[in-house]
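> Here is what each chain is made of, one letter per residue.
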Amino acid sequence: MNTVVAGITYRALLGRRRIILLLLLPLALLGLAVLLRVFGGDDQRSAVLLMQNFAINTVLPLLGLIAGTGVIAPEIDDGTIIHLMSKPISRPVIARTKFLVAVSLLVVFAAVPTYVSAWLLVSNEDGIAPGFAVGVLVAGIAYAAVFLLLGVVTRHAVTIGIIYALVWEGVVGTFIPGARKFSIQQWGQSVADQISDSAFLRTDVALGFAVPALIIVTLGCVFWAGLRLRAFSLTGDE
Amino acid sequence: MKMELSQVSRWYGNVVAVNDVTMTIGPGVTGLLGPNGAGKSTLLHMMAGFLAPSGGTVALDGTRVWKNHHIYRNIGLVPEREGVYGFLTGWQFVLSAARLHGLSDPVEAARKALATVEMEEPKDRRVETYSKGMRQRVKVAAALVHDPPVLLLDEPFNGMDPRQRLHLMDLIRAMGTAGKTILFSSHILEEVERVAQHIEVLVAGRHAASGNFREIRRLMTDRPHLFMIRSSDDRKLAAALIRDHSAGGITLRPDGMEIQATEFRRFARLLPRVAQAEGVRLHQVSPADEDLESVFSYLINRST
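Protein sequences appear in the order of chains C and F. If you count the first sequence from 1, position 102 lands on 102 in my numbering, and the numbers rise without skipping. Position in the second sequence (first residue = 1) + 238 = my numbering.
Misleading hints may appear alongside valid ones.
[Unchecked claim] Where chain C lies over chain F, by a calculated footprint (3+ residues, C-beta under 8 Å):
1. 320-326
2. 331-338
[Claimed, not checked] A short list of chain C residues far from chain F (calculated; beta carbon distances all over 10 Å):
3. V5
4. P88
5. L100
6. L219
The set of hints was computed from the structure by calculation and includes no laboratory data. We put the CB at the ideal spot given by N, CA and C, even for glycine.
Chain F with its partners taken away, still in its complex shape (with noise of 0.2 Å):
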């Protein structure tokens, strides 16, 4: 199933959470990257019939997803807040779930769920005693009890240690290559690597970016980087590297010098060779911009 989002926007008065995104998401896993704060949830939301967008629609396979409960059985939804009923067993909610489907056999379906996250041995304990792994993975069973075609799950791997985010992983990505359409946000480029085929960026509400994990990967390492040097000749080395074109611009400081590198690779083969032609000793190379925050930023420039 595909869930086309069409010109989606939505604002809460004068604030746009989302702005103006057109995407499709198809079978497989596709990993709904962004900081904090850029509208994934917004726009989670939106695909999950769970708000109205301010302009433009979201429909599965052409079916309008607002106001609508029917989509319900084709989607399956783990929201990011805990939402669980602490007062249910792990059995009894995941079971509840089942039942409010409508399912023929409920008791085999929860079981099966609980199954697939390896939640079988503390099912019959409060879901308040849990773990916030736990609660996590009793969610995740209780919106594939129904066995949709397509799951969202907003920020899923939150709050989940090692080996529980690898069984989460694992699952997620059996699940993409079974034809299910997943699609998950997350705010950890590497997270999304290692699970999504397809990866779409949203910065400040704005669609940013979107392609395979390669290309997004290409995209945030052929942009400018900032790097901080300190060397024995800060100044001749400068001189050496605006002459060989690899370094746009070069700031020099009392505690070293800031140099923009064009491009990454060249700039990273080439730094050793010219300190060393030239005679000059590295004593420190670090990026200055490695954070994800200035890649985003650099893609949300790039986009508009």
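Next up, chain C with everything else stripped away, as it sits in the complex (with noise of 0.2 Å):
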């Protein structure tokens, strides 16, 4: 971790347009939340279902996309990014200080809107709030170290990123129940399964299964971002 790659890059983060895509996404989240509650469907059917289909299905995979592909893709597009290569700092160190730029971000614009949303439903409840706090978190993480990855190995990262984030994990992952099992947000709604009782939470992929799979992809991902990282090559305009 290197504190001054971490202030540059929260400086291009949150300084460019991408931070009002960071805001809206979470503001609609508890937007939702809010509509739900005044027209009275505060009860834990409605809650799941919005943390379903709508924090965890939509809100974190672009979340994810964004920051995760954010903290380094666009530096590499504009060659910015030579002025931190080019400094004394193992890129491995980058790579995961790029990394935990985009997990803060998810715990304040992903992680913590889910809570607060889930909690204007049904507060605590069968904890419902925190269960799905946790697996936004814990698969944010995942998608972080993804679309890190996938910043660093393509220039066309958010493209492939929408793609994947839509249709593997929307379309494969809803019609084919074996490809489930291969699914980030499959793997966070099975840790909030865990720490939630709510009836009507129901989950595929077993824990067993899930929680291996969340750690070996964000260290697979962070690790290779970095070795990827230490052969970037730039090609000139020749």
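Build the complex: two chains, separate frames, hints provided.
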């Protein structure tokens, strides 16, 4: 972890228009929770539905994409990354620092709003709010790692990331039961299910698979991103 | 410190960008001269550890450069691309460089580096408000902040106004005199001549020539020159010049004649004398191939 790298990364991310995107999604989640509460949908069933279908399935992958790619891809695109990489700092440290920045953003913009919106509907009933907050957090950590790697590996990180989040996680995960096992969202839900006792929350992937999978994906992607950054090449305009 | 390149090549698919280059860059100022697209940036990126050679080795005092972040304690890099965070002020940018180097007194180092490039006054403005020359100078300050023994600059004078250019030239010369190893790339002969004690010429990815600027100049002036001449009697003049052997070949055209002069200096002295003796009036004498491209292509043909 390098504080100068972290500081520059925060400023680059929060100073640009991305901050609006980072704010809009959690605001939409909170807004929906408020609406449900106002119109009498503040029961466990709606709370779990909102959490599963909006917090984990929509808000989280998009925020993960914005934060995960945002901490590195724009800098690679415009060449500013050279400022960090032409210094005696090991490149894996740069990758790890940027990963932690993305995770911290997901705590603030995904995990905390998830907790608050669930709490607005059902307070702490059956551990739904803390369960989904933790589920979003662990899935967010994995997403940050995956999208960071994507941002290092390809210049089309955002496009590929959207396709991955929507097609694989959304469509394939919904219609092909076996594919659900390999979905970060499902892993997050398994963790939420473990913490929450709500009868409305049912998940397909066993915790014994989800937790190791989350750990392996996260560590693997951060490690690989560091390796790729070590071999980072400037191709020049020639 | 010495940057040693040994049989370095770099190719992209079937395209060879740098072809079997061996050179040693020692203390003092070295200019890497070559036309656009000659592979200067590719070579510089390999020296800076930002590109793996496809063949050969690049080493700094015997230490391999590729995948070795420790070299940046000794290298300052000024890349050609902007590469400056627009949202930072000049001061924050240079200070961040000092901190990234883990210097014991980053504030003082940043202050000194900004003073060196005369950027103290606008240092609190955001970089995005700077002119191209100012950005260039801030980049140089960031590269100098840890006082590195080796400085690599990719087309450093691009986009600078004449005054800034002179100032940076003075600065580079002074650092070279102080014993730093400095390499800068340029496609402008005059620029290189004014700053570098030593010149390496790169053409089409090949190491075409090497030497001090006098040697390079001589190579360039002694090559066969092509002149366009119009006179009152082209045929008579052509015959006289052929008799004197100072012209390798003459082509008569409706709008004048093209003369291949084998020895530039001799030919330059001879032409007016012959014309006077023959009573021919010269209307036009102009070099037909004085552009740098033809100079380079001569050098590359000579080296192969």
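> Is the coverage entry for the segment 331-338 of chain F by chain C consistent with the three-residue Cβ rule at 8 Å?
holds (count 5)
> Just double-check P88 of chain C for me: nearest Cβ-Cβ distance to chain F has to come out over 10 Å.
5 Å, violated
> If I take the minimum Cβ distance from L219 of chain C to any residue of chain F, is it greater than 10 Å?
Given a closest Cβ separation of 21 Å, the condition holds.
> Within the segment 320-326 of chain F, is the number of residues with a Cβ closer than 8 Å to a Cβ of chain C three or more?
It holds: at least three residues are needed, and the segment 320-326 of chain F offers 6 whose Cβ sits within less than 8 Å of chain C.
> Are all C-beta atoms of chain F more than 10 Å from that of V5 of chain C?
7 Å, violated
> Beyond 10 Å from every chain F Cβ: check whether that's true for L100 of chain C.
With a cut-off of 10 Å, L100 of chain C remains clear of chain F, as the shortest Cβ separation is near 17 Å.
Of the numbered hints listed earlier, those contradicted by the structure are 3 and 4.
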